[in-house]
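> This is what each chain is made of:
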Amino acid sequence: MRVSSTGNPVKHPPLLALTTDFGLNDIYVGVMKGVILSICPGARILDLTHGIPPQDVLAGCLALEAARRYLPTGTVHVAVVDPGVGTDRRAVAVRTDRDAFVGPDNGLFSFLAPAEIREVRYLDNPQLTLTPRSATFHGRDVFAPVAAHLAEGTDWSELGTLATEISRLPLPKPEVSPDGFTGQVLTFDRFGNAVTSFRADHLSPERNRVRVAGQEIQVKTTYGDVGPGQPVALVGSSGRLEIAVRDGDARRVLGLDRGSRVVLET
Amino acid sequence: MRVSSTGNPVKHPPLLALTTDFGLNDIYVGVMKGVILSICPGARILDLTHGIPPQDVLAGCLALEAARRYLPTGTVHVAVVDPGVGTDRRAVAVRTDRDAFVGPDNGLFSFLAPAEIREVRYLDNPQLTLTPRSATFHGRDVFAPVAAHLAEGTDWSELGTLATEISRLPLPKPEVSPDGFTGQVLTFDRFGNAVTSFRADHLSPERNRVRVAGQEIQVKTTYGDVGPGQPVALVGSSGRLEIAVRDGDARRVLGLDRGSRVVLET
Amino acid sequence: MRVSSTGNPVKHPPLLALTTDFGLNDIYVGVMKGVILSICPGARILDLTHGIPPQDVLAGCLALEAARRYLPTGTVHVAVVDPGVGTDRRAVAVRTDRDAFVGPDNGLFSFLAPAEIREVRYLDNPQLTLTPRSATFHGRDVFAPVAAHLAEGTDWSELGTLATEISRLPLPKPEVSPDGFTGQVLTFDRFGNAVTSFRADHLSPERNRVRVAGQEIQVKTTYGDVGPGQPVALVGSSGRLEIAVRDGDARRVLGLDRGSRVVLET
Numbered sequence: 002m003r004v005s006s007t008g009n010p011v012k013h014p015p016l017l018a019l020t021t022d023f024g025l026n027d028i029y030v031g032v033m034k035g036v037i038l039s040i041c042p043g044a045r046i047l048d049l050t051h052g053i054p055p056q057d058v059l060a061g062c063l064a065l066e067a068a069r070r071y072l073p074t075g076t077v078h079v080a081v082v083d084p085g086v087g088t089d090r091r092a093v094a095v096r097t098d099r100d101a102f103v104g105p106d107n108g109l110f111s112f113l114a115p116a117e118i119r120e121v122r123y124l125d126n127p128q129l130t131l132t133p134r135s136a137t138f139h140g141r142d143v144f145a146p147v148a149a150h151l152a153e154g155t156d157w158s159e160l161g162t163l164a165t166e167i168s169r170l171p172l173p174k175p176e177v178s179p180d181g182f183t184g185q186v187l188t189f190d191r192f193g194n195a196v197t198s199f200r201a202d203h204l205s206p207e208r209n210r211v212r213v214a215g216q217e218i219q220v221k222t223t224y225g226d227v228g229p230g231q232p233v234a235l236v237g238s239s240g241r242l243e244i245a246v247r248d249g250d251a252r253r254v255l256g257l258d259r260g261s262r263v264v265l266e267t
Numbered sequence: 002m003r004v005s006s007t008g009n010p011v012k013h014p015p016l017l018a019l020t021t022d023f024g025l026n027d028i029y030v031g032v033m034k035g036v037i038l039s040i041c042p043g044a045r046i047l048d049l050t051h052g053i054p055p056q057d058v059l060a061g062c063l064a065l066e067a068a069r070r071y072l073p074t075g076t077v078h079v080a081v082v083d084p085g086v087g088t089d090r091r092a093v094a095v096r097t098d099r100d101a102f103v104g105p106d107n108g109l110f111s112f113l114a115p116a117e118i119r120e121v122r123y124l125d126n127p128q129l130t131l132t133p134r135s136a137t138f139h140g141r142d143v144f145a146p147v148a149a150h151l152a153e154g155t156d157w158s159e160l161g162t163l164a165t166e167i168s169r170l171p172l173p174k175p176e177v178s179p180d181g182f183t184g185q186v187l188t189f190d191r192f193g194n195a196v197t198s199f200r201a202d203h204l205s206p207e208r209n210r211v212r213v214a215g216q217e218i219q220v221k222t223t224y225g226d227v228g229p230g231q232p233v234a235l236v237g238s239s240g241r242l243e244i245a246v247r248d249g250d251a252r253r254v255l256g257l258d259r260g261s262r263v264v265l266e267t
Numbered sequence: 002m003r004v005s006s007t008g009n010p011v012k013h014p015p016l017l018a019l020t021t022d023f024g025l026n027d028i029y030v031g032v033m034k035g036v037i038l039s040i041c042p043g044a045r046i047l048d049l050t051h052g053i054p055p056q057d058v059l060a061g062c063l064a065l066e067a068a069r070r071y072l073p074t075g076t077v078h079v080a081v082v083d084p085g086v087g088t089d090r091r092a093v094a095v096r097t098d099r100d101a102f103v104g105p106d107n108g109l110f111s112f113l114a115p116a117e118i119r120e121v122r123y124l125d126n127p128q129l130t131l132t133p134r135s136a137t138f139h140g141r142d143v144f145a146p147v148a149a150h151l152a153e154g155t156d157w158s159e160l161g162t163l164a165t166e167i168s169r170l171p172l173p174k175p176e177v178s179p180d181g182f183t184g185q186v187l188t189f190d191r192f193g194n195a196v197t198s199f200r201a202d203h204l205s206p207e208r209n210r211v212r213v214a215g216q217e218i219q220v221k222t223t224y225g226d227v228g229p230g231q232p233v234a235l236v237g238s239s240g241r242l243e244i245a246v247r248d249g250d251a252r253r254v255l256g257l258d259r260g261s262r263v264v265l266e267t
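Residue numbers (our numbering), protein chains in the order written: chain A, 2 to 267; chain B, 2 to 267; chain C, 2 to 267.
Hints are computed from structural coordinates only; laboratory data are not their basis. Hints may be right or wrong, so weigh each one.
Stated by the list, open to error - Some, not all, of what chain A presents toward chain C, calculated at C-beta under 7 Å: (1) L16; (2) D48; (3) L49; (4) T50; (5) G52; (6) A64; (7) E66; (8) L72; (9) T222; (10) G225; (11) G228; (12) S238.
Glycine included, each C-beta is placed from N, C-alpha and C at the ideal position.
Produce the complete structure using the sequences and hints provided.
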């Protein structure tokens, strides 16, 4: 632990981690940070990503699920993928023993197991949000200020009405089919690797081949296990089975799309 | 206010907010931050956006105007949209009671009302800039170091020659026409929403319809006030009238361009 | 130097500067920062750029070379352009009197002169990396945690096996040809300026014209030395000769590509 010049450990406020579909070409993300730093001048802010495809709540949910365990204990996530802003969808904060999440109650936090949730609050305390609250930008007017107040030490009981559950999306899960397990491509990364709905624990020494886009592909440990230009399946950094092409772009080479069928053969 | 382990409030240097047209694929922004942190190791830096369209001074001006009131009091903006770098355009710093702006004197700060300006300085003190000063990258050689020195506590009187005014761009303003007020589309955000030259105070209960791209569109409060796929006009987070399509991309759906005519009917 | 409320100078941990080809649309960069802040909560992190073209080790090398002298003394660079992840390429840390570099040993640090290298270590101490170490994402599992431990004060001797040299790429160098020096276009920036393999010291009052794409272009000091739309050659912010078009995009206007031949006439 870092020690200040007085010999005391330096106390850091909780990290605020931002995940949005705002991109970086507009001022939206900068304005959210301005609001946070106006309330909590010492805030530490981490950009998880602002590249969630516009209004793609499922992609935001998968990003948070894959990333959260690598962020410091105590992190407060501020997540804004919010096609329903201005409707009657609720604003919510959820807390586990490890981290917390502030954002729209639209399924963005569906990855949280009911058993790990310690507290859910609807964000209806007007003293913690900007006034007037716009109908179009709750990232700025609600989620950023509430998270900044948490970083400043505001107690959870002040956030608003206690709730019992969060909204949930149906997450695509592999299903048993005549020829094995059938899953799908969920999303792609920048390198064209396809992230599938299979997790590491769906695999076994006997279940080590996938069929996708008419090809049969072996599950390996790393890209280097196949030759350049060859397709390979492996458990990627997302913790899910990914389809890749060594030194290439699997999305283009194999002609994959989001939703493409992937069969794990048995 | 945060209190250190010694019981004293922690004093933060002023926030430096960066706005440029450099994008994030090159090293320009990283190098500016390196220069700032070399001079002021404890600097707090906020990226407002680096996605201003290349050399689009008006877009930079509108971004700063829309964002500044959400940033902390005392923020020093470093703004670089600088097609005239290497010519005889001046480098300038401007101060108001709320914030300050450092950048090229090319109209980028035209949104500042003359009455709110407290001090204007040309940045001609060579002790505060990098030597040699390149002819192509004043963001690195002039604006970043000057702002870092301000964050370190350098007095405004040391920045350079006192000036009386800043350069100004003609900002597009709505004009009275036979069928109402005629304005235009100024810019678009990532979601395809069109920001217009109308401000909230141009609207009234009687002036609540716009005509744009051959369509008549009602002014509403939020996206949810119309059905999915329907166009809507509303005062957006920019504080200006925006044209949107619910769950869609107004730019594409309505075929809008920058400069497209928008009539607020009376 | 900033002084804390107790009158003592504030000691900052070394700056960690990140350079990758990960882009900002995925969670990779955010996860690396999460790992760093989990180990070193007070870390200061600078994004040099995450826009290196995918798996383009040479572009990463040129970016680091151009940027490093603008970052604070003591900066630890974490650089990840790593097409060989999961193969037997080594992970390495290199130290000079000015800065340090952590990343794959694949030529990414070829710009370092042998004479300036003070220490090279292979990163084979498993206590400083994440367990299990994935075969696909050493940015998260190896390079980020090692750099964070350095920021926390871990001694270089603990990083791993002492080595004597780093891997090196052949860097394109201009060659003498019948009509002068022959070089090439190395890369482009956002504005379409072409960075060439010529450095400032290749130029002289007599060697002040280049021939590129069938045109003869004068070497000038700044964009403003030619008329709008005119091509110009100048020593750009990279420290290399660049080909530009005033108020235009040289890549498009002149039809340049990476590798395009540039002749410095004598």
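> With reference to the structure, classify each hint as holding or not holding.
How the hints compare with the structure:
1. L16: holds (6 Å)
2. D48: holds (6 Å)
3. L49: For L49/A, the interface hint holds, since the closest Cβ of chain C sits about 4 Å away, which is under 7 Å.
4. T50: holds (5 Å)
5. G52: holds (3 Å)
6. A64: Result: holds, 5 Å to nearest chain C Cβ.
7. E66: violated (10 Å)
8. L72: holds (4 Å)
9. T222: Hint holds; T222/A Cβ to chain C Cβ min 5 Å, cut 7 Å.
10. G225: holds (4 Å)
11. G228: With Cβ-Cβ at 12 Å, over 7 Å, it is violated.
12. S238: Hint holds; S238/A Cβ to chain C Cβ min 4 Å, cut 7 Å.
Hint compliance for this structure: hints 7 and 11 are not met, and every other hint is.
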